[in-house]
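Participant: From first to last, the protein sequence lines stand for chains L and R.
For the first sequence, this note's numbering gives the first residue as 1, with consecutive numbering after it.
For the second sequence, this note's numbering gives the first residue as 1, with consecutive numbering after it.
Where hints are given, some of them may not hold.
When chains are identical, the list treats them as one kind, so a pair holds in a single copy or across two.
Unchecked claim - Derived lysine to any residue pairs resembling SDA-like cross-links, with alpha carbons at most 25 Å apart:
id, residue 1, residue 2
1, Lys228, Ser251
2, Lys211, Glu221
3, Lys3, Pro62
4, Lys3, Ile63
5, Lys228, Thr244
6, Lys211, Thr53
7, Lys211, Arg229
8, Lys18, Glu221
9, Lys228, Leu247
10, Lys18, Ser71
11, Lys18, Ala64
12, Lys211, Phe85
In case anyone wonders, no lab produced these hints; they're calculated from the structure.
Treat the numbers as computed from the prediction; the structure is a model and nothing was measured.
Single-letter residue listing:
Protein chains: 2
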Amino acid sequence: MEKRPLILITNDDGIGSKGIIHLARIAATLGDVVVVAPDAAQSGKSSAITANTPLYVNAHSPIADNIRMFSTSGTPVDCVKLAMFAVLDRRPDLLLSGINHGSNAGVNNIYSGTMGAAMEGCTIGIPSIGYSLLSHASDADFSPLTPFIADITARVLSEGLPEGICLNVNFPDGCTPLGMKVVRAARSHWTEEYATYATPHGDSFYWLTGKLHNDEPDNPETDEYWLKRQYGTIVPIRPDQSATDALGAVSSIVSKSQS
Amino acid sequence: MEKRPLILITNDDGIGSKGIIHLARIAATLGDVVVVAPDAAQSGKSSAITANTPLYVNAHSPIADNIRMFSTSGTPVDCVKLAMFAVLDRRPDLLLSGINHGSNAGVNNIYSGTMGAAMEGCTIGIPSIGYSLLSHASDADFSPLTPFIADITARVLSEGLPEGICLNVNFPDGCTPLGMKVVRAARSHWTEEYATYATPHGDSFYWLTGKLHNDEPDNPETDEYWLKRQYGTIVPIRPDQSATDALGAVSSIVSKSQS
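In isolation and in its complexed conformation, chain L is listed as follows (with noise of 0.2 Å):
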């Protein structure tokens, strides 16, 4: 008898997060869940990993038949190594991550843990799906993504995807999207970023906080575009930077550096 298939889930707001169970119910339906979660929240952790500090992993009760719980103390890139070293006793069909809590759209796919997590996926091989909400409330209401989430990673599993690809799929908030867009993350930068405080003895701390700046919020291209638009959107990512397009300009600038 054919194995069901095994999908592995993590996310950066951390094991206990209603977003991480919803996709878990989700994924139920198509395969063997294990989920191996960070302890507490790591949000924008990006691809970081811990080097320099042990790691743990413990295991929580199950919360159905085909849901295992373990939860990390590391990153969500720590999660998934760990995973694949020390919980699973199978290559995973697939790795889900999310549902995050909060847009991952635009720019914000390099701070993501959320995304850092699908790009390591990635990187080894397993198709690797994030799902992220528009919303940071933790009681969000994440039921009308369901068909959704439900359509896109049963299709990812059966299709797989290009090889070094991952998707970021983003829905906007309060409402049912009114369909899937695939297109590119917007071009964007934060800006106004820190509250400044004064500490009793006169010396100044910062506290992250910013405005998101989309520099072309009239592009139907990107995924800004659509979210205020009510659309979901599907971005493929590559993991891999290298520009190879820009490998011959370069070369102009730094010429008399090549051998």
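Position chain R relative to chain L; hints supplied.
Facilitator: Just chain R, lined up with the frame of chain L:
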């Protein structure tokens, strides 16, 4: 009178490392230097940002008339953001990150705090370069790199870089590079990733280790190939990981999800 160029320098090994001081002294021959670096080692921090704890900036004594020194309690990307927000009084003409004690070739770009900082500079439109030496030794010999770094830095300061592109520059250890090659990162991944220990209570814990597996060791289009042959390598890096060439393939996989 025209102002001298302003060069912002950071790293992921911390403000006390030998590599950043070496880089600051090279850069000081080309402009005025401000170092804003982590107060302790932040290796493997990728593009991680600190969202949920406050951050501090401390002024250190300058190490030369035109090399001002600051440390922060944050990650390499936090250092760039805090430099722009709280330290610099004008926009830098160039951002340099490193010299990293250790390789950032191949897949390492996505885990690298050195490159996280360079990509942050790129994202806000500052020509940015990460420099790394293939030695983790705290007393590594950076002197053979000096003319190469001076030349590449001067050229980028003068010519700029293509929009959306920064550079990941790696040098072989223990020799004067035979030259520089402009190439892409080798497709590679880490294997055998943890040392396993037992606590006094018999529970397991894990420490990151592992080996870089190069998937294409004989390919002269890649950085790993040339680094093994005593050349330095320059990889153009695009922080935006949107894979626009995969939009069609992904659309056909998820087609029924699209409106």
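Participant: All the hints need checking, so say for each whether the structure fits it.
Facilitator: Verification of the hints:
{"no.": "1", "hint": "Lys228 x Ser251", "result": "between (40 Å within a copy, 20 Å between copies)"}
{"no.": "2", "hint": "Lys211 x Glu221", "result": "within (22 Å within a copy, 39 Å between copies)"}
{"no.": "3", "hint": "Lys3 x Pro62", "result": "within (20 Å within a copy, 64 Å between copies)"}
{"no.": "4", "hint": "Lys3 x Ile63", "result": "within (21 Å within a copy, 64 Å between copies)"}
{"no.": "5", "hint": "Lys228 x Thr244", "result": "between (32 Å within a copy, 21 Å between copies)"}
{"no.": "6", "hint": "Lys211 x Thr53", "result": "between (33 Å within a copy, 18 Å between copies)"}
{"no.": "7", "hint": "Lys211 x Arg229", "result": "within (19 Å within a copy, 46 Å between copies)"}
{"no.": "8", "hint": "Lys18 x Glu221", "result": "neither (31 Å within a copy, 45 Å between copies)"}
{"no.": "9", "hint": "Lys228 x Leu247", "result": "between (35 Å within a copy, 20 Å between copies)"}
{"no.": "10", "hint": "Lys18 x Ser71", "result": "within (15 Å within a copy, 37 Å between copies)"}
{"no.": "11", "hint": "Lys18 x Ala64", "result": "within (15 Å within a copy, 53 Å between copies)"}
{"no.": "12", "hint": "Lys211 x Phe85", "result": "between (39 Å within a copy, 14 Å between copies)"}
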